[in-house]
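Enquirer: Chain by chain, the residues run as shown.
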Amino acid sequence: MTDSIASDPKRRELEELLPFYANGRIAEADRARIEAALASDAELAARLEIIRDDMAETVLLNEHLGAPSPRVLDRLMAGIEAQPRQMPLLARARGDLNNGLAGGFLGWLGGLLAAQSPRRLAYAGAFALALIVLQGAALTGLALRDAGGGYQTASAPGTRASERYVLLSFAPEARAGEIASFFKRFDASVVDGPRANGFFKVRVGDASLSTAEVDAIAARMKAETGIVSFVAASP
Amino acid sequence: MHTESDEDLVKRIASGDRLAMKVLFSRHQVRVYRFVLRLVRDETLAEDVISDVFMDLWRQADRFEARASVATWLLAIARNKAWSLLRKRRDAELDEDYASSIEDESDGPEVVLQKQDKGRAIRACLGRLSAEHREVIDLVYYHETSVEEVARIVGIPENTVKTRLFHARKKLGEMLKAAGIDRGWP
Numbered sequence: 001m002t003d004s005i006a007s008d009p010k011r012r013e014l015e016e017l018l019p020f021y022a023n024g025r026i027a028e029a030d031r032a033r034i035e036a037a038l039a040s041d042a043e044l045a046a047r048l049e050i051i052r053d054d055m056a057e058t059v060l061l062n063e064h065l066g067a068p069s070p071r072v073l074d075r076l077m078a079g080i081e082a083q084p085r086q087m088p089l090l091a092r093a094r095g096d097l098n099n100g101l102a103g104g105f106l107g108w109l110g111g112l113l114a115a116q117s118p119r120r121l122a123y124a125g126a127f128a129l130a131l132i133v134l135q136g137a138a139l140t141g142l143a144l145r146d147a148g149g150g151y152q153t154a155s156a157p158g159t160r161a162s163e164r165y166v167l168l169s170f171a172p173e174a175r176a177g178e179i180a181s182f183f184k185r186f187d188a189s190v191v192d193g194p195r196a197n198g199f200f201k202v203r204v205g206d207a208s209l210s211t212a213e214v215d216a217i218a219a220r221m222k223a224e225t226g227i228v229s230f231v232a233a234s235p
Numbered sequence: 001m002h003t004e005s006d007e008d009l010v011k012r013i014a015s016g017d018r019l020a021m022k023v024l025f026s027r028h029q030v031r032v033y034r035f036v037l038r039l040v041r042d043e044t045l046a047e048d049v050i051s052d053v054f055m056d057l058w059r060q061a062d063r064f065e066a067r068a069s070v071a072t073w074l075l076a077i078a079r080n081k082a083w084s085l086l087r088k089r090r091d092a093e094l095d096e097d098y099a100s101s102i103e104d105e106s107d108g109p110e111v112v113l114q115k116q117d118k119g120r121a122i123r124a125c126l127g128r129l130s131a132e133h134r135e136v137i138d139l140v141y142y143h144e145t146s147v148e149e150v151a152r153i154v155g156i157p158e159n160t161v162k163t164r165l166f167h168a169r170k171k172l173g174e175m176l177k178a179a180g181i182d183r184g185w186p
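These protein sequence lines map, in sequence, to chains A and B. Residue 235, in this note's numbering, is where the first sequence stops; the numbers in between run on with no holes. Residue 186, in this note's numbering, is where the second sequence stops; the numbers in between run on with no holes.
Think of the hints as simulated: they come from the structure by calculation, not from any bench. Glycine residues also receive a C-beta, built at the ideal position from the N, C-alpha and C atoms. It cannot be assumed that every hint is accurate.
Covered by chain A, according to a simulated footprint, are these stretches of chain B (three or more residues, beta-carbon under 8 Å) [to be verified]:
no.	region
1	75-83
2	139-145
Taking CB as the label site, the calculated pair distances span [to be verified]:
no.	chain 1	residue 1	chain 2	residue 2	range
3	A	A45	B	G108	42 to 52 Å
4	B	D182	A	S69	40 to 50 Å
5	A	K10	B	G119	28 to 38 Å
6	B	S26	A	A232	52 to 62 Å
7	B	R87	A	P235	56 to 66 Å
8	A	A29	B	R18	22 to 32 Å
9	A	A42	B	E4	41 to 51 Å
10	B	K88	A	K10	41 to 51 Å
11	A	S189	B	T3	31 to 41 Å
12	B	S130	A	L60	18 to 28 Å
13	A	G79	B	E4	15 to 25 Å
14	A	K10	B	E148	16 to 26 Å
Taking the hints into account, I'd like the entire structure generated from these sequences.
Expert: Written out as structure tokens, the structure is:
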């Protein structure tokens with residue numbers, strides 16, 4: 001038997017939409033077109049009846065499939081308990097990288113920055129720049145030291161028994177230029193950091209400095225309250 | 001009574017809320033399970049797949065895009081896992097071992113027809129469609145998905161969704177016709 005619907009592109013297009021008309025998931029404009037066609041096309045209406053029969057049997061078949069056993073949820077929750085939760089920021093950043101989306105970590109960061117005042121942003125930018133400079137200096141220093149031979153203590157990576165250090169954190173309002181000037185004045189350099197708590201380990205001299213002298217340097221550093229918020233001699 | 005939306009539950013899951021996870025699982029487990037079971041035809045495997053699906057949801061909840069519904073998202077993950085399993089099974093040439101379908105229409109459509117049960121004959125044929133045809137039929141007829149949603153779940157263009165569904169329907173009609181049920185098409 002010839003399929004007259006298949007040979008008519010307009011009717012074929014409507015026919016292919018019939019299943020979505022039957023399940024109610026169709027655009028309003030398409031619904032109106034189909035209803036208008038059904039009113040005058042008995043063949044199309046017969047096709048819809050076939051679809052409705054098949055749909056009813058498909059639902060029945062699926063309903064007979066039952067449900068998963070309770071052990072699935074138990075196993076799932078046990079798996080969740082056993083698995084450390086990913087850091088949300090890391091997951092968002094990974095989502096960004098994987099999907100190339102505007103949301104995720106970059107979206108969050110954008111929202112955070114948008115909520116800040118221009119002055120605060122300027123300070124934050126300067127501080128971030130200073131941290132980059134410090135890290136760069138630290139890396140360069142480490143590279144030069146490695147090239148020069150010598151030894152390192154096992155307990156403190158990047159540090160040497162022949163040097164003296166302080167542990168410090170910068171004041172939130174410290175500016176990049178001020179921090180650079182601070183390091184120059186004290187002839188200091190970052191050897192480690194920033195750590196998770198925001199601290200840096202800073203070299204302030206060689207082994208010829210006594211403990212009292214290191215304490216004195218730390219005290220002078222601490223006096224610069226606009227730049228540092230914490231300073232203490234460190235092994 | 002206020003019912004929290006799926007999207008709100010996913011937000012809670014993204015922050016590590018286990019109770020939200022249980023609520024969302026309870027809400028979707030049956031449909032996802034049935035979708036997978038129709039593809040893999042093995043209850044134990046289907047349970048393994050949905051367990052993996054919801055574990056993925058737990059891990060990736062903060063990547064959820066509100067452009068798709070949570071149900072669509074879950075079905076898409078489930079579909080990928082089920083097909084991955086099917087491909088492995090085919091590689092191992094075990095597909096024929098799964099001949100006893102989960103629908104358990106132990107009679108073929110011809111035998112069913114002799115028993116004068118058209119509905120059972122249709123269900124028997126539905127169980128004998130290819131996996132590609134079964135999934136598109138199930139998605140539209142049982143899971144009530146739109147063209148766009150099927151396209152997203154299966155990963156094919158919208159026009160392909162319509163033509164694949166057309167061919168699945170046609171195949172179903174041909175199987176019924178061969179069993180002695182002529183519905184006038186095809």
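Enquirer: Determine for every hint whether it applies to the structure shown.
Expert: Structure-based check of all given hints:
1. Counting residues of the region 75-83 of chain B whose C-beta sits closer than 8 Å to any C-beta of chain A gives 0, which falls short of three, so the coverage hint is violated.
2. Check on the region 139-145 of chain B: 5 of its residues sit with their Cβ under 8 Å from a Cβ of chain A, so the three-residue criterion for coverage holds.
3. One distance hint, 42 to 52 Å for the beta-carbon pair A/A45 and B/G108, is violated here, with the actual separation near 31 Å.
4. Checked against the given bound of 40 to 50 Å, the beta carbons of B/D182 and A/S69, roughly 42 Å apart, stay inside it.
5. Checked against the hint of 28 to 38 Å, the C-beta distance between A/K10 and B/G119 comes to roughly 33 Å, which is consistent with it.
6. Under the hint 52 to 62 Å, the C-beta atoms of B/S26 and A/A232, about 54 Å apart, fit the expected range.
7. Range check, B/R87 to A/P235: about 59 Å between beta-carbon atoms, so the 56 to 66 Å window is met.
8. Checked against the given bound of 22 to 32 Å, the beta carbons of A/A29 and B/R18, roughly 44 Å apart, lie outside it.
9. Between A/A42 and B/E4 the CB atoms are about 47 Å apart, so this pair conforms to the stated range of 41 to 51 Å.
10. As the Cβ distance of B/K88 to A/K10 is approximately 44 Å, the hint placing it in 41 to 51 Å holds.
11. Range check, A/S189 to B/T3: about 60 Å between beta-carbon atoms, so the 31 to 41 Å window is missed.
12. For B/S130 and A/L60, the Cβ-Cβ distance of about 21 Å falls inside the hinted range of 18 to 28 Å, so the restraint holds.
13. At roughly 23 Å, the beta carbons of A/G79 and B/E4 sit within the given window of 15 to 25 Å.
14. At roughly 22 Å, the beta-carbon separation of A/K10 and B/E148 lies within the given 16 to 26 Å, and the hint holds.
Taken one by one, the earlier hints fail for this structure at numbers 1, 3, 8 and 11, listed in ascending order.
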